[in-house]
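Protein chains in written order, with numbering that gives the first Met the number 0: chain A, 0 to 458; chain B, 0 to 458.
Just so you know, the hints here were simulated from the structure itself, not pulled from any lab data. Among the hints, a few may not be true.
Note that the list lumps identical chains together, so a pair holds whenever it fits in one copy or between two copies.
As the list claims (entries may be wrong) - Derived DSBU-like pairs: lysine-lysine, alpha-carbon spacing no greater than 35 Å straight-line:
(1) K392 <-> K161
(2) K209 <-> K419
(3) K321 <-> K39
(4) K83 <-> K124
(5) K458 <-> K221
(6) K179 <-> K458
(7) K438 <-> K225
There are 2 protein chains.
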Amino acid sequence: MLQISVVGAGSVVFTGRLIVDLCLTRSLSNSTVVLMDIDKKRLNMMYNLATKYAREMNTDLNIKKTMDREEALNGADFVIDTVKVGGYEPMEIERKIAESHGYYRGLGDRVSDYYGGIGAFHQLKFFLDLARDVEEVCPDAWLLQAANPVFEGSTLISRETKAKVIGVCHGHFSYTDIVKTLTLKQEDVKVLIAGFNHNIWLLNFLHNGKNAYPILDQWIEKKAEKYWKSDEYLNSPPWAAEQFSPAAVDMYRMYSLFPIGDTVRSASPWWYHTDLMTKQRWYGPTGGFDSEIGWSIYLNSLKEMLEQMLVWSNDPAVALTKEYPPTFSGEQHIPLIDAIVNDKEVQLQLNVPNKGAISGIPDDVVVEVPTVIGTTRGGRKTVTAMHVGQLPKRLMLHVLMPRMLRMEQILQAFLEGDRKSLLLMIAEDHRTRSFEDAKMLLEEQLGQSWNSEATKHYK
Amino acid sequence: MLQISVVGAGSVVFTGRLIVDLCLTRSLSNSTVVLMDIDKKRLNMMYNLATKYAREMNTDLNIKKTMDREEALNGADFVIDTVKVGGYEPMEIERKIAESHGYYRGLGDRVSDYYGGIGAFHQLKFFLDLARDVEEVCPDAWLLQAANPVFEGSTLISRETKAKVIGVCHGHFSYTDIVKTLTLKQEDVKVLIAGFNHNIWLLNFLHNGKNAYPILDQWIEKKAEKYWKSDEYLNSPPWAAEQFSPAAVDMYRMYSLFPIGDTVRSASPWWYHTDLMTKQRWYGPTGGFDSEIGWSIYLNSLKEMLEQMLVWSNDPAVALTKEYPPTFSGEQHIPLIDAIVNDKEVQLQLNVPNKGAISGIPDDVVVEVPTVIGTTRGGRKTVTAMHVGQLPKRLMLHVLMPRMLRMEQILQAFLEGDRKSLLLMIAEDHRTRSFEDAKMLLEEQLGQSWNSEATKHYK
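Please build the complete structure, drawing on both the sequences and the hints.
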C-alpha cells in the first residue's frame, strides 16, 4: 500500500491542495496519507478537514496524523517536505533589524531565496536533518522538496545525502497568464522553461508549432501600456500582477528571454527594489509580492484562510467540497507521484541535478527544467532532466551564474559553519556602506533569540 | 636559427629586461630578436640600446627592428606581446569621466583588470588580431602574452585561436619579499602559488620542508604593527609596500591564504578603496599602486626612465652595462624560451588553460599556477599546469569565482559586441546609485574619441 507522508502538514495553503489533488486522482485513491506537524492545533485541524474532504469525495484514502517524525517516515514511499521552520515572525524581526541598518525590506533576495533567516540556516538545517532521517527510516522513499529555498535545499540534499530528492514548485505555471493575456488557447501552446528555481526563463514559446515570441513582442509594443493602466492590472493581487508587470518586460529586454513566475521578482536587479515607489513603478500598485504592501496582503490572506479553515473544521454541517471545489490545484506533487507509481508518461517541471541539461552548469547543481520520468532495465524509477542546451550568454553571466554563486556561498557557509562567509555576503550587498556596518548587522541578526543555534553554528 | 619577435617593443621597462636576460642566457646567444613597434622614435631608441647592450655583452644576438607586424611575425618561433594600445592617456580620460560620475579612481578593477579602456576593448581587440596573424604567419610560434589583462587575454586567445598562447607575469615573485621580511633564506623556501593572474594565493609555504605559515603568523602577531611604522614600509614605493601592507594581512585573515603580488590590490574588496584616506590605511602613505599618489609615482617613473633611456641611446660614450648592470630581471620570458628550446627543466609560474589543475574551475579558463614544460612522444613541446587541487572554499566563492565571472562577462561583451552586458557590469558596480546613472556613464565613456571603434563594436 502506497504511503505518502507530509512533513509540515500544518501548511495552510499547501496541504489542502494536496488532499484535493489526491482525491481527484483515482489511481492513487487507496493510498495512506500521513500528516505530520509539530503544531498540534494545526495538525488536528488539517486532519479533520482532510478526512472530511476525502469522505465527501468518496475515496478510500487512509489518512493518519502524527507529531512524531520517525512515525511519519516509517513505511513512507513519498515524503513531502513543506516545512517553514519557526513560521514568518522571526524572519520579520530579522527584516526589521536589517531595515534599521538601512536595508529596505531586509537582507537576502526578495522573499524566495532567503527563507529560513540569516544564511537560510533554519531551513537548511531542517532539510538536512529530515533527509538523513529519510536515509535511515525509509531509504527507498522519494523526498519531494516543496519548502523554500528549493534551489539551495534540493542541491544540498542531493549532494550530502542518498535521499532521492526532487524539488517541486508551481511557479512556472505563471506562463499560462501570458497565454491568457495574449488570448491564445492553452492547448495550442508549447513552452520550454528552464533555469534555477525562482529563476526560470521562457526558452521556447511555440504557438501551433511556430515561434510565438513575435506575438508577445507585438503585445508589448501595442498593448502593454494600456494593460498597465487597466483595472485588471491595477487591482491584481501582488503575486498575479508580477508576471506581466513592467519589471517582466524590462527584464525580457535586458536578458533576452521572458522571466516566468517568481523570477520576475527574485531574479530582478537591485535597482527595481530601492524603495516602495520604485517597486510600485516596476510591479504595480502593491509594489509586488515582497513589498510592505504585497507581503502584508499575503500574510493577511494566510491568516484569513487559517481562520476560515478553523471554522470549517469545527462545523460538521459544512460541505467542504462546496466551499473548496474539487479541481486540480496545478501543484505537481500528486501528478509526479502518480507518474512514478503508475508508470504514467507526463512531462513535469521539476528541480533535479543538472547532469548536463543546461550547458555550462555543473552536474551537481539542481536546475528547474522539464523532466522525464523513466524506468531503468532493473526496474528502478528515474527522474531525469531533459536536455536544454545553451541559454543566452548575457542571461547566464549576469543572472544565472551570480545566482548559482550565491547558492554555493550559502551552502558553503552552512556546511562549514563559516561566519566570515555570511559576513562577506552582507558586505557585498549593494546597499552596504562599510564593512563595519556589515559586521554590526550580522552580529545583531545572530543575536536575535531564535538564532541562538545559528550563533553557535557559524564560528 | 631561433627568432624571438617582440610586439610592442617600445615598452620602457619590459624590453630592457628582456634584452638583458637574453644576453645573460648563453644558450640563446645566437638568436634573432625582432623588435616591432608602431612608435618609430621609441622603436629606434630601443633598437639602439639593445644592439649596444648586446655588443657590450659580447653576444651574437642578431637584433632587427620593424614597424610592420607581418614582417615581425615572419619566421618567429616566439612572439612576445607587450602592447598597451593607445598608452595610458585615453584611460586617464576614462577615469576622469568616471570620477565626475562619483566613481573614485574610475571604473574597473584597480588598474590590472581593466587595461584597454571600457570592457578592455582595445587590448582584447589587439590580442585577437595579433593571435590571428600568428595563426597565419607563424602558426608554430609560441605567443607569450605579457600585456594586460593577462587573465582575459590568455583565456580569449586560447579559446578563439590555435595560437600556442602562454600568459607570463612577474607578480608572483613578490613572495620573495615575504621571505626577506621574515628573514628566511630564499634557498630554504618552497612555495606553491595558484589562482588567476593578479589573483594568486600562497597555497603552500614551506621552510626546510616544514609549513612556514606559523612563522608568518608569528611575524604578523609580533612584528607587523612595528613594521608598518618603520621607514622601510613608510618610504617604500607603492608597488613594493603592498605585499606586506595591512591590506595583505587583512585579506589573509579573511580568505585564509596569503595574497601574492598584485593580488593585494586587484583581488581586494571594495571597502579598501572608497577614498584616498581609506586606501592609505590599507596600503600605506601612497595609498597603493592605483591611488592618485601611487599611480602618479608610477607614471613619473616611466617618464624619467624614458628620458634616461633617450639620453643613453644618444650618447655613444655611455657604458650601458654599467648604468644597467647585467643581472637576471626575474621576468620569466627568456627562461621559458630557454626551457622550451633547450629542453631545460625549470618550474615556472605561468598562465595556461586549467585542464583540471585547480578543482572547480572549467578546463578552458586560464589559471596562473606552477607549470611543467615537457615533450610529447612525437616531439611536440607542452606547457602544462601542475595539479593544484582544491583551494579554500571561502576564497573560491568570494574571490576567485566572482573574478572568473567578471572575466567571462568581459569576454562575452567583447565577443558578442554586447553593449547591454557592459551596462550591466557598470550597473552592478557597488558605487552605482541608479541604472540611469550607469547608462549615462557608459554612453559618455563610449563617446570619448578613442572609443569610436568601441562605439561601433558594442551594439
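How do K438 and K225 come out at 35 Å by Cα distance, when the copy is not named: within, between, both, or neither?
between (47 Å within a copy, 27 Å between copies)
My question is about K83 and K124: at a cut-off of 35 Å on alpha-carbon distance, are they close within one copy, between copies, both, or neither?
Close inside one copy (12 Å), not across copies (52 Å); limit 35 Å.
Is the C-alpha distance from K458 to K221 at most 35 Å within one copy, between copies, in both cases, or in neither?
between (56 Å within a copy, 25 Å between copies)
I want to check one pair: K392 and K161. Are their C-alpha atoms no more than 35 Å apart within a copy, between two copies, both, or neither?
Answer is both: 33 Å inside a copy and 23 Å across each meet the 35 Å cutoff.
Within a copy, between copies, both or neither: which one fits K321 and K39 at a CA-CA cutoff of 35 Å?
The answer is within: 27 Å in one copy meets 35 Å, while 90 Å across copies does not.
Should K179 paired with K458 be assigned to within, between, both, or neither, using CA atoms and 35 Å as the limit?
Only across copies: K179 and K458 sit 34 Å apart there, 51 Å inside one copy, limit 35 Å.
Checking K209 and K419: alpha-carbon separation at most 35 Å within a copy, between copies, both or neither?
Classified as between; 28 Å across copies, 51 Å inside a copy.
Taken one by one, the earlier hints all hold for this structure without exception.
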